[in-house]
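Participant: Chain residues, written in single-letter form:
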Amino acid sequence: MRAPPSTVRASKLVTNAVAVKSETASIAATKSGHELLLFEALREGLEEEMERDPRVCVLGEDVGHYGGSYKVTKGLAEKFGDLRVLDTPIAENSFTGMAVGAAMTGLRPIVEGMNMGFLLLAYNQISNNCGMLHYTSGGQFTIPVVIRGPGGVGRQLGAEHSQRLESYFQSVPGLQMVACSTPYNAKGLMKAAIRSENPVILCEHVLLYNLKERIPDEEYVCCLERAELVRPGKDVTILTYSRMRHHVLQAAKSLINKGYDPEIIDIISLKPFDLHTIGNSIKKTHKVLIVEECMRTGGIGASLRASIMDNFWDYLDAPIMCLSSQDVPTPYAGTLEEATVVQPPQIVKAIKQLCG
Amino acid sequence: MAYVMRSSPSVQSGSLAPHSSASSVSSSASSSSYILRLGALNSQRSGRLSITRRAIGTANRRTRKPHGVSASTSELVAEKPSIKNALAITREEGLILYEDMVLGRSFEDMCAQMYYRGKMFGFVHLYNGQEAVSTGFVKCLKPEDYVCSTYRDHVHALSKGVPARAVMSELFGKATGICRGQGGSMHMFSKEHGLLGGFAFIGEGIPVATGAAFKTKYEREVLKNDKADAVTVAFFGDGTCNNGQFFECLNMAALWKLPIIFVVENNLWAIGMSHYRATSVPEIWKKGPAFGMPGIHVDGMDVLKVREVALEAVARARRGDGPTLVECETYRFRGHSLADPDELRKPAEKAHYAARDPIIALKKYLLESGLVDETDLRSIDKKIDEIVEDAVEFADASPLPPRSQLLENVFADPKGFGIGPDGKYRCEDPAFTAGTAQV
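These protein sequence lines map, in sequence, to chains H and C. The first sequence: position 28 = 28 (full-length UniProt numbering), numbered continuously. The second sequence: position 61 = 61 (full-length UniProt numbering), numbered continuously.
Don't read these hints as lab results, they were simulated from the structure. Remember, it's a predicted structure, so these values are computed and weren't measured experimentally. Quick reminder that beta carbons are idealized off the backbone N, C-alpha and C, glycines included. A hint or two may mislead.
As the list claims (entries may be wrong) - What follows is a list of derived Cβ distance ranges for each label pair:
id : chain 1 : residue 1 : chain 2 : residue 2 : range
1  : C       : L255      : H       : K71       : 49 to 59 Å
2  : H       : D317      : C       : P399      : 44 to 54 Å
3  : C       : D226      : H       : I90       : 50 to 60 Å
4  : H       : Y332      : C       : A431      : 45 to 55 Å
5  : C       : P347      : H       : G298      : 47 to 57 Å
6  : H       : Q343      : C       : L255      : 26 to 36 Å
7  : H       : I90       : C       : A434      : 25 to 35 Å
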């Protein structure tokens, strides 16, 4: 458990990221903190880790001189040099494999996919090498790589730039996968992922990069395996992640006005699931709604439903509801794109259906 | 120096087989130039070494005929004045090379035996015939250097110093295997010996090797360790040279001048696909200069020639001059794997290469040059027999991995299995350590 905010010293790492709203408020009250946008938070986390450990390096397309397509690595090449922030040719499979080889021999690389979709080209290396090498080598080699990039449905970016790939990677044994949703957890997860000895996929979202939040000045690291309790409640458990967290929060305003008391959990860890936080909530509310941006078929929600049924069947008063995006390639047209993703009115409707 | 430029298919056509002019080219064209080159091994002959131009991608070498134009053998083969003992090695070096190749051959022969006796399973790809490439390159390396291989990796592992016991055990699927029985034939890894794998999909090891070379550069330039000079050798086959990862890595290695050597073990066949049926420009060495690195073509059945090329390529990489692409003309005496009936390759082609057995060739050279005598070689043969027998006995006697090993090594940090419903990390659950947990 985290020490009360008033005793947090600058050197103490805050490792528990169960940020209940009231606690976040008290952080802001005792320490000034600083406001920044999500992409800046990612950069801050990255920069701190690069300063801390000279083996940490970044590679990807346009991460160096261009500063990153979403500015996550802006200024880092000037500070750390072209080799530590390596501009690669357009060869995802090979530079991801290169990161694996570099990790095996002692470096700690971070691979940036300009868009998560581009990492489909690196699937060979991600599945076979990142996921498997520690096992097939009998534990001899570790692969401490972080693979990160923006995914999800944006603003009319077209089907290929609007992919929801969390589900594609979730089955790969040997990988951990987390999704950030606020500047606070973005920085914390970035740092945790870099420090982890496991290969971690950090899913960012194209539309969340400009989210603003006040985060602590002192150093903190989030826990890769722990979910975040966003809003405590007692009527229903809403499990969500990434951009959908914000759609849920928007829907929650309407729900609270109507007298509902939803407990909102950002699962953070898409693989593995934090069944403790999730389970404790279900034991309280007995009803679950999953809101995700993933496709319905074989998505994160599908796995989560199965997991909940396996572990918490006796605590459920109703079937688990799951709102996922449509199983369609994301259309370009704005109206169709909007209909592809779960929108707040749908969430409100689902809760009414679930809770009566 | 004797590098043979294999003539392109259109230069000469043989009549060995009506439908496969390509394979007949390699036998007929090569045989003429190899007769010339065998003279180099036999110091009792006139000692005239015949070589072709070395295929280095420097712009001023415009002496090659364009592809498709026929040329006579004498134009292809430029004579060089003989240099006595041009391939001189010491007695010690000769014995090391001989021992390593015999170890590779005996080990692989034993693997075949063990497989047919039901001790080893799955896909097993043997290296018989290609020993000169592994020995020629790996024996030039330092212990800190890295080797990255493919599924045909047993002999690379042995050359790099992985004990025969550990490799055989791994093949038997025992807990004492180099990868605890978790990798198998196609996934040999050794952190201690710098063996980065063992990969089942072709081409996927090349980026890993490129990453290891990148790490050397990083260590020198970012971590400011000027003693960092580890070189990486990536071995792969002719089939891989049509794969994207090959070209992508040639580009990156040349771009950043990485200390890596790309060694193509061109044995002409990718399972049943002839190299000539799969490749528009079959001369793989030519692809090096296209990316800005030297492309060398060497007789991969001759360990001394391979070694000579290897020494130069390794020195080049170590001093920071960047990568080299080396195409070794070699041949596998057995099928692609122990499951391959090997019906497509012509007996004449097999006979041609069997006559160029690298071990017999080296033996002949060592004896005829007076560096060693029969008893030296026989004692090595005996020693190797004992090592291989011991490896089998060790593997046989070793325990199978227990159930508890199942979930170990999935994650370096087992917290990656997550937090269970009880709030504890799953890896703390006793069922986890017993290997019976469902994760």
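Participant: Each hint needs a verdict: does it hold in this structure or not?
Facilitator: Do the hints match the structure? See the list:
1. Our hint of 49 to 59 Å for L255(C) and K71(H) is violated, since their Cβ atoms are close to 25 Å apart.
2. Between D317(H) and P399(C) the beta carbons are some 50 Å apart, a value that agrees with the proposed interval 44 to 54 Å.
3. A C-beta distance of roughly 32 Å is found between D226(C) and I90(H), which places it outside the suggested range of 50 to 60 Å.
4. The hint said 45 to 55 Å for the Cβ distance between Y332(H) and A431(C), and at roughly 49 Å that hint holds.
5. Range check, P347(C) to G298(H): Cβ separation about 51 Å, and the 47 to 57 Å hint holds.
6. Our hint of 26 to 36 Å for Q343(H) and L255(C) is violated, since their Cβ atoms are close to 46 Å apart.
7. The given range of 25 to 35 Å is broken by I90(H) and A434(C), whose C-beta atoms sit roughly 47 Å from each other.
Hint check: violations occur at hints 1, 3, 6 and 7; the rest are consistent with the structure.
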